[in-house]
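One line per chain: the protein sequences are A and B, in this order. Residue 914 in this note's numbering sits at position 41 of the first sequence, with consecutive numbering throughout. Residue 71 in this note's numbering sits at position 89 of the second sequence, with consecutive numbering throughout.
Derived by calculation from the structure, the hints in this document are not laboratory data. Please read all numbers here as calculations on a predicted model, not as lab measurements. Treat the hints with care, since some could be wrong.
What the hints assert, rightly or not - DSS-like mimics (lysine-lysine), calculated; alpha carbons at most 25 Å apart, straight line:
#, chain 1, residue 1, chain 2, residue 2
1, B, Lys94, A, Lys876
2, A, Lys876, B, Lys19
3, A, Lys928, A, Lys944
Unchecked claim - On the chain A side, residues computed to face chain B include the following (Cβ under 8 Å):
#, residue
4, Leu884
5, Val885
6, Gly889
7, Phe893
Positions of the beta carbon are idealized from the N, C-alpha and C atoms, including for glycine.
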Amino acid sequence: DVKVTQSSRYLVKRTGEKVFLECVQDMDHENMFWYRQDPGLGLRLIYFSYDVKMKEKGDIPEGYSVSREKKERFSLILESASTNQTSMYLCASTLDTPGNTEAFFGQGTRLTVV
Amino acid sequence: KNQVEQSPQSLIILEGKNCTLQCNYTVSPFSNLRWYKQDTGRGPVSLTIMTFSENTKSNGRYTATLDADTKQSSLHITASQLSDSASYICVVMGNNAGNMLTFGGGTRLMVKP
């Protein structure tokens, strides 16, 4: 069974803390994505990576960074957490072939910054 | 700009009734379109995926249609159940490097007993 696993379901952090959200996929997918999902705004792309050590900014990269040292792992980093980063974070992965390609999502991490 | 628009934003129906959700897109080049179901507080789970050449695809009580000419898709839910209460998200994948995903805003469906 295919799997995208996010390290935490729920997380509470203090303002100013450095926060790491981990995502691991076991499908040998080239592409991995980090989104945040907020009520009324839908899913918005933060960063994505199409290969190891490669990263590209999405629509809302400010306040975030990412790391992809291994193909299966894509980490989202909040350098100094702020309350406006309270959100649901979703990781996804896809194969690098067009056509009938599935995108798989993790279960989500609900982050609260207090 | 690639966009995916869904309607309605929210929908309330009685258990056992049918409903249809709409998705219009402007993503180009187009690779495929998928419908996801997302329960509250969970990640999206795939219902159907359709490529350019497919018009209709069913998954149990879910039937998706795709009109690639008008760039419209619909998701029809038959004989709704309480467990169908969720958000339904239309996602279009572009046929380009990185297989970028463009998300619709979702339709929040509530099925009442």
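- Looking back at the numbered hints, which does the structure fail to meet, lowest number first? 1, 4, 5, 6 and 7
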